[in-house]
Amino acid sequence: MFPKNAWYVACTPDEIGDKPLGRMICGRPIVFYRGEGGKVAALEDFCPHRGAALSLGAVVDGKLMCGYHGLVMGCDGKAVSMPMQRVGGFPCIHSYPVAELHGFIWVWPGDAGLADESAIPDLFWSDHPEWAFGGGLYHIQSDYRLMIDNLMDLTHEAYVHVGSIGQDEIDESPVRTQMEGDQVVTRREMQGIVAPPFWQAAMRAHGLDDQAPVDRWQVSRFTAPGHVLIEVGVALAGKGGINADPRDKVSAIVVDFMTPETESSHWYFWGMARHFQANDPALTDTIRTGQGQIFSQDLAVLEAQQRNQRLFPNRRLLALNIDAGGVRARRLLDDLVRGEGEAVGTAAN
Amino acid sequence: MFPKNAWYVACTPDEIGDKPLGRMICGRPIVFYRGEGGKVAALEDFCPHRGAALSLGAVVDGKLMCGYHGLVMGCDGKAVSMPMQRVGGFPCIHSYPVAELHGFIWVWPGDAGLADESAIPDLFWSDHPEWAFGGGLYHIQSDYRLMIDNLMDLTHEAYVHVGSIGQDEIDESPVRTQMEGDQVVTRREMQGIVAPPFWQAAMRAHGLDDQAPVDRWQVSRFTAPGHVLIEVGVALAGKGGINADPRDKVSAIVVDFMTPETESSHWYFWGMARHFQANDPALTDTIRTGQGQIFSQDLAVLEAQQRNQRLFPNRRLLALNIDAGGVRARRLLDDLVRGEGEAVGTAAN
Amino acid sequence: MFPKNAWYVACTPDEIGDKPLGRMICGRPIVFYRGEGGKVAALEDFCPHRGAALSLGAVVDGKLMCGYHGLVMGCDGKAVSMPMQRVGGFPCIHSYPVAELHGFIWVWPGDAGLADESAIPDLFWSDHPEWAFGGGLYHIQSDYRLMIDNLMDLTHEAYVHVGSIGQDEIDESPVRTQMEGDQVVTRREMQGIVAPPFWQAAMRAHGLDDQAPVDRWQVSRFTAPGHVLIEVGVALAGKGGINADPRDKVSAIVVDFMTPETESSHWYFWGMARHFQANDPALTDTIRTGQGQIFSQDLAVLEAQQRNQRLFPNRRLLALNIDAGGVRARRLLDDLVRGEGEAVGTAAN
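Residue numbers (our numbering), protein chains in the order written: chain P, 1 to 349; chain G, 1 to 349; chain V, 1 to 349.
Hints were generated in silico from the structure; no laboratory data involved. Each hint should be verified, as a subset may be incorrect.
In the DMTMM-like style, the derived pairs of lysine to aspartate or glutamate whose C-alpha atoms are separated by at most 20 Å in a straight line are [said to hold, decoys possible]:
#	chain 1	residue 1	chain 2	residue 2
1	G	Lys63	P	Asp61
2	G	Lys39	G	Asp61
3	P	Lys78	P	Asp61
4	V	Lys239	V	Glu180
5	G	Lys63	G	Asp116
6	V	Lys63	G	Glu15
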């Protein structure tokens, strides 16, 4: 249950070096590599000769060569050459629209004619000198929508992430969910609270008194098919919250890209773009390590939830106000899939 | 193929500490925990909010709190509270009858209205000062009935357990199988033999000459759905066997509770309650270690047998006199399952 | 998709020592052991009593005894004895024709009445003083026919096996495929080339100048159901190639027996019989180690190819001239399977 005519994060640039990368996305085996001039290409991971995985081959002179019998493939999916063979009549393989933008490699698994790079989210912070980014990748055995639910309702932080970003005030503060254009937006604000450990550390790093009362915000923004960007931060209480002067606040964007592998597994690209101490790479590493640990706590929760969905596929789940973000995100996805002419499952909506 | 209206051993008390325990029993995911006053509770391992596994949560003030969004569940399967929510209309989850008795936690997966704690086997030795118990748990990838067959026909000891409790006289002595009330009972007696290594050690510990000829007995008692208690021991020859004066014999009960996990896997709670040297905890450990090794020899046998049943589901098996115990036990189980209105498979009966 | 009325390599003699060996072949669980006089026997790995795996038993006085309850089985599949039982009416299990010949154990999974040992390939080198053999066994998660394809088209050596036996000239030289009786034969010859590292080492060992130009040959001979013997070697250039005087050449036979385990996995018995330095066991070990490493490079290729076949079962593959050997081998196999009255799949032909 995923739209195919959409941009998904396929990998990060560092995953494609001299060797090609094979990755299944939306049920399709795809090989990613750097062609001529280092430009990223994405092809079916299937040699038209005998079905070998092209990802086990090599890049030679900017072209992907099958590691089995030396067929050389162009980035358009047409065979270029093969020793002692005329390749003119060889069947083509699918070439996927792909783009390297904002620090990620994006792929469009569906109809190539509809792919439009301008629809890739604008991650303005990715090349902004006042911002720094660090992140990682998890391979999770659950429907990617369970992770979208997770991120569109941060209530779980109070339970899953006690001791870092969780605090009691989270689930004592109401959430508001609304559409803003094609985004589902869920907002939660907490006023006059003590910052949790993660933000206390950020305040100290920013020269603020970490014991001072703060206003805290979490604004989760979902864009189809699997992007959740969460504006988070704290400002000294009464200074305007998310709109406070930069000297009075520390803020960041939690970055989450969920890319389906199959119906019941996904690639989870997570990270944090922060707007404080941007020139401190050691801090980037520290945050990445901490965030990796925090997010790994979600893995067991989601994989057990997936098991329960498999055991009880028809059991109705609740859709409370805190679930509104996930519910609306699923509706958007359902509409997109229906628009592509596919049936939409009802389980766990 | 298992009765649902029956008491099964779910776990041992030490498996439920501060944290809940998730375990699949008879195909149902169940969470066990200690509620108010330490009383054990058993619920579906399924949060009615979004299907999270409650077993990943925590026990707070005697109530089970979902670790995902803080829903608090009562031991009756009704939601008690959830931050910022009214839970009155939340769907209930199944609450399973559960009892802590005789050193085990027992669960009734079927119709709660039929559960009657008096039907739990009376393990008289569990709190008797002259008896000591030690045991363990194995997770086995086979139909639980293959283990019942195994235990109701101890002929296999002569082959599988050479060097500990096996001896040639076992398969040279006839067995008698009969019903005693709702029990299937298989008896084997050997007279005037040399004790095998395990019993020689027990005789020495009890101050008896380990080279003296003995009468040995094995009385396997099956009670539905998955309990096999085996009275075993040796007495100095001619002193009355199982009925000999305590000074002239050493005896024990081999304890076996088989609890289906799925149709093709089960939890095997094994142990020994002994009626000699009861106040020697080091001996309890030694026996537990030895018994664990002996019983682990059965694992490979049963798992390969299960593979053969899967490959040849319709091949007729033999039911010899030595198999009478297992065959009768399976008939009892078939009758119970039929009584619950389910179809009974014929494979491997 | 495999013929059943055919001889397959089941194991090597050293795999059957004191203990029986259980191995699934063509979807059938089979136990191999040495009966009276050390003669190899092959039976269904299924005890007629309760379906235990006979391969977990023991050989006692030349007969296979079930390790569960002591049933003793004859090599004809009839129960011989069982403690306290009359076995006359016990059902028989299948006894497979089996032969120990030329350094391998061969089994015939199909109709025993059709088995004829004279159809086993004559591995003349197996007891020839001028030849030495070393080999090994890999368990591969792919259709055995993918390995036949692999071996009937050595073009892949130029890509998969760079640095040992691969060299550019391989894929620059044409191949010729033809039937010779019931063999599919693929020939490739390279003239006046520099030998690749493996053959340079062999030339040095044989007292030849390893920098001298050579003529190299590869003659792959497929015989159904899964035997590929490849005559390989180099001779000093212009001395007659494969027909050169023994002093001017070094040659060997690459030995490959593919035995299906299931439709999508197989046992791969590989090795090399060499016609140089036959009395140097250290060289045998060195070659075995090197060949094992070379052949392990094929595993990942074949298993990924199998995954692609599973994902795209109906996609047409190319059958180029270099594929003619594999294509003809598959046709032979299809004919054999059709002759046995089974449907033949068309995927990946």
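Checked hints:
{"no.": "1", "hint": "G/Lys63 x P/Asp61", "result": "violated (65 Å)"}
{"no.": "2", "hint": "G/Lys39 x G/Asp61", "result": "holds (12 Å)"}
{"no.": "3", "hint": "P/Lys78 x P/Asp61", "result": "holds (16 Å)"}
{"no.": "4", "hint": "V/Lys239 x V/Glu180", "result": "violated (25 Å)"}
{"no.": "5", "hint": "G/Lys63 x G/Asp116", "result": "violated (24 Å)"}
{"no.": "6", "hint": "V/Lys63 x G/Glu15", "result": "violated (46 Å)"}
Going down the numbered hints, you'll see the structure goes against 1, 4, 5 and 6, while the others check out.
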